[in-house]
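Number of protein chains: 2
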Amino acid sequence: MTPFENLHLDIPATDKKRIIIIGGGFAGIQIAKGLKGNDYQVVMLDRNNYHTFQPLLYQVATAGLEPDSIAGALRQLFNDYPGFYFRMAKVTQIHPQEQKISTLIGDLKYDTLIIANGSKTNYFGNQDMFNLTFPLKQIPQALNLRSHMLQNFEQTVLTREEDEKDRLTNFVVVGGGPTGVEVSGALGELKKHVLPKDYPDIDFSIMDLHLVDAGPRLLAGMSEKAGAKALEYLKGFDVNVKLNTVVKSYDGRDVVLSDGTVIPAKTVIWAAGVKGNIIDGLPEGAIERGRILVDDFNQVKGLKNVYAIGDIALMKTENYPNGQPMVAPVAIQQGQQLAKNLIRASKGQEQKIFKYRDKGSMATVGRNRAVVDMPKFTIGGFFAWLIWMFVHLLSIVGFRNKLVVFSNWVWNYFTYDRGTRLIIRTFVRNKSYKQGETL
Amino acid sequence: MTPFENLHLDIPATDKKRIIIIGGGFAGIQIAKGLKGNDYQVVMLDRNNYHTFQPLLYQVATAGLEPDSIAGALRQLFNDYPGFYFRMAKVTQIHPQEQKISTLIGDLKYDTLIIANGSKTNYFGNQDMFNLTFPLKQIPQALNLRSHMLQNFEQTVLTREEDEKDRLTNFVVVGGGPTGVEVSGALGELKKHVLPKDYPDIDFSIMDLHLVDAGPRLLAGMSEKAGAKALEYLKGFDVNVKLNTVVKSYDGRDVVLSDGTVIPAKTVIWAAGVKGNIIDGLPEGAIERGRILVDDFNQVKGLKNVYAIGDIALMKTENYPNGQPMVAPVAIQQGQQLAKNLIRASKGQEQKIFKYRDKGSMATVGRNRAVVDMPKFTIGGFFAWLIWMFVHLLSIVGFRNKLVVFSNWVWNYFTYDRGTRLIIRTFVRNKSYKQGETL
Chain V
1 MTPFENLHLD IPATDKKRII IIGGGFAGIQ IAKGLKGNDY QVVMLDRNNY
51 HTFQPLLYQV ATAGLEPDSI AGALRQLFND YPGFYFRMAK VTQIHPQEQK
101 ISTLIGDLKY DTLIIANGSK TNYFGNQDMF NLTFPLKQIP QALNLRSHML
151 QNFEQTVLTR EEDEKDRLTN FVVVGGGPTG VEVSGALGEL KKHVLPKDYP
201 DIDFSIMDLH LVDAGPRLLA GMSEKAGAKA LEYLKGFDVN VKLNTVVKSY
251 DGRDVVLSDG TVIPAKTVIW AAGVKGNIID GLPEGAIERG RILVDDFNQV
301 KGLKNVYAIG DIALMKTENY PNGQPMVAPV AIQQGQQLAK NLIRASKGQE
351 QKIFKYRDKG SMATVGRNRA VVDMPKFTIG GFFAWLIWMF VHLLSIVGFR
401 NKLVVFSNWV WNYFTYDRGT RLIIRTFVRN KSYKQGETL
Chain X
1 MTPFENLHLD IPATDKKRII IIGGGFAGIQ IAKGLKGNDY QVVMLDRNNY
51 HTFQPLLYQV ATAGLEPDSI AGALRQLFND YPGFYFRMAK VTQIHPQEQK
101 ISTLIGDLKY DTLIIANGSK TNYFGNQDMF NLTFPLKQIP QALNLRSHML
151 QNFEQTVLTR EEDEKDRLTN FVVVGGGPTG VEVSGALGEL KKHVLPKDYP
201 DIDFSIMDLH LVDAGPRLLA GMSEKAGAKA LEYLKGFDVN VKLNTVVKSY
251 DGRDVVLSDG TVIPAKTVIW AAGVKGNIID GLPEGAIERG RILVDDFNQV
301 KGLKNVYAIG DIALMKTENY PNGQPMVAPV AIQQGQQLAK NLIRASKGQE
351 QKIFKYRDKG SMATVGRNRA VVDMPKFTIG GFFAWLIWMF VHLLSIVGFR
401 NKLVVFSNWV WNYFTYDRGT RLIIRTFVRN KSYKQGETL
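Same order as they appear, the protein sequences are chains V and X. Residue 1 is where the first sequence starts when you use this note's numbering, and the numbers rise one by one after that. Residue 1 is where the second sequence starts when you use this note's numbering, and the numbers rise one by one after that.
Don't take every hint at face value.
It does not matter which identical chain is meant; a pair holds if it fits inside one copy or across any two.
[Said to hold, decoys possible] Straight-line distance between alpha carbons at most 30 Å, and here's what the computed DSS-like set of lysine-lysine pairs gives:
#1 197 - 16
#2 197 - 17
#3 352 - 197
#4 197 - 340
#5 248 - 316
If you're looking for bench data, these hints aren't it; they were derived computationally from the structure.
Bound-form chain V, shown alone (with noise of 0.2 Å):
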């Protein structure tokens, strides 16, 4: 018995015309929220319960922050929402002629169909990598991570040969991007100020951090003096960054880099990039690089009543003639945007084109640190992170969430601990823990 036999995407008939919204990310949530009032069927599909905030992953990987913090409950968001339905199921096809998309528990017809479910670790294709190295782009990833690091030291105390001890407590990040120099810092905060009160008998000079990137700079997508800022509190942090430098191969000990390198290390944590949730069945010319190619109203390339919105959207505009950034605040207005553009046609009235308001972006290095860019200009260090921090709890969902995640980080700060060391998954090598993704 498959655990899907018996199960039926059931929604009750209605005079309204239904809305359906593949994913509760952050374009998802906004979509839905704007939506909100007015005279539709919302029909939200996920294939978890929650909505992650993706952003502070990296702090619940190194023991900063449980997984409640920075995620909340899909039903719990919109419990005071008539004509609101949530579904847990994983969206398999689209069959556009027919207005309709199919999940393993059963078909659904739409009126309108929202494709808003983001984007997925980027392997390019490497085997190896995705069977061997950890990703951070879900929370039962960030738990796995946790767990094998805590498991890690464990072992280290446990192991005689030197060079094993080496191998275990290495850490090799690979792409400078946000995720990847936020989990680098964290990393250096942890070797600094949190690992070696608890671990006496281990030596923490023999734990290396290494960030390799394949260009030639952090943080390709802020401002090079953001990129110069990072790494140097990188360095700080003792994380020893490898530019213009890519992993040629991975046996789940030692890491090949193309400068020849090689470094032991049984974690390997795998930021180097993102591609779109591609769903079967839209046109092949919908497609581009991984991602659907949408106009300015994000309405998909050759289909009427179909959107996407988010990561997954690639809108080309003058400014962004490769796309919109893949980024938070991008998914947050288009699914803004989209909600009031679909409720002016509803009207008659025009729709209005996207164009993304950049407030700027920001990255956290450790404690005390991190870069913000402004349109204007770029500031760094302790204002900087006073800065990510607020804005940070105050993108996150709901109060209580951004009580709890207040608590925590003050109690982090001024004690140099973390609360959350404990190890609750036995991790196992395999790809289940990756939730069905696949290559």
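Chain V is fixed; fit chain X onto it per the hints.
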């Protein structure tokens, strides 16, 4: 390659006497604390890297608290303790003749051995119950129950057959001790206040809660009055309590009770009893009813320099001819007293016999209700509930945990909400999640 290859249980050699403590539960952490500052090498072995505050496990299972709130990393508890060594290892054999223990990663000699590895779920030899029901003794088990419960509600929404909806929403709790009573009360509260908001598409009148106990009353370890009050409170939460009743069979779908009743239920919580975690190698005469026979000083019968404390120890005294109650206060007091006795013995002073100071016992039954047995009287209701909260907050490990638990309780109380409704473990019904437990 097994995961244990190349791992070694090495502890630095020293002139000091080595005390090995098996288990970081209530008894283990108390004796370790009590020995601090004395001239011993103290080695603590536990298969987990954390202490679990078991009295609140049911709140993790019912989405009230996250695991980090009720657990403390053992290294963190003792990170300012010269001569203390923690090793994550499961002890498989005791060799009293050679004064050593065996683990999966090697042997270790002791001068004094403290067995404090507590108790595990007692399935009374029933393989079906072991395979198909949910125990509540460890954090991963509580997380499994939480994910399973939430998955069941998601599936209920997707189910057409009325009898299957019934089966998915019904809960049977087996055992009317504190764990059974507390988890039943928490489920009643979820049904009444939390779940209907999240699942407007489910008619919660179909959700039946059953508590089954073999004895004539609830909370057999507490006063008659406490048992009667708990029964009254549970009825107020619509929990159907069946006394003098046992589960005859369960196939994962239907529970058959000894009175012939058949309850369709995909969730059976097994809180029917516990038994000692007996380790091989003790003389046969030292084991009775699944516990280790000890004298008034917690010394194991027939063995020199080997002690057992907490749930695992069977100490018969005038007040407790069948052994001390298997509760946290006994474990705590035995740990504290044995530490003092060992120090006294090393100074040639007389050791003191153990006498359990029963300061009262308590159980909570959902929102605003608890029962508290004091040595001379019993109280119930709201005031008892306040006492219950106060005592549990005082007892929980570490200031940070107190703060987090308190904030969560305040939030849950005033919002009628639960923060931790994430399905983060895909539940598969097999034995692996029972963490190496065997029937």
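* If the cutoff is 30 Å on CA atoms, where do residue 197 and residue 16 land: within, between, both or neither? Let me know, please. => between (61 Å within a copy, 23 Å between copies)
* Should residue 197 paired with residue 17 be assigned to within, between, both, or neither, using CA atoms and 30 Å as the limit? -> between (59 Å within a copy, 24 Å between copies)
* **Intra- versus inter-subunit Cα pairing at 30 Å for residue 197 with residue 340** => between (53 Å within a copy, 27 Å between copies)
* Between residue 352 and residue 197, at a C-alpha cutoff of 30 Å, which is it: within one copy, between copies, both, or neither? -> Neither way: residue 352 and residue 197 sit 56 Å apart in one copy and 36 Å across, limit 30 Å.
* **residue 248 and residue 316: within-copy, between-copy, both or neither at 30 Å Cα** => Answer is neither: 32 Å inside a copy and 66 Å across each miss the 30 Å cutoff.
Hint violations for this structure: numbers 3, 5, all remaining hints satisfied.
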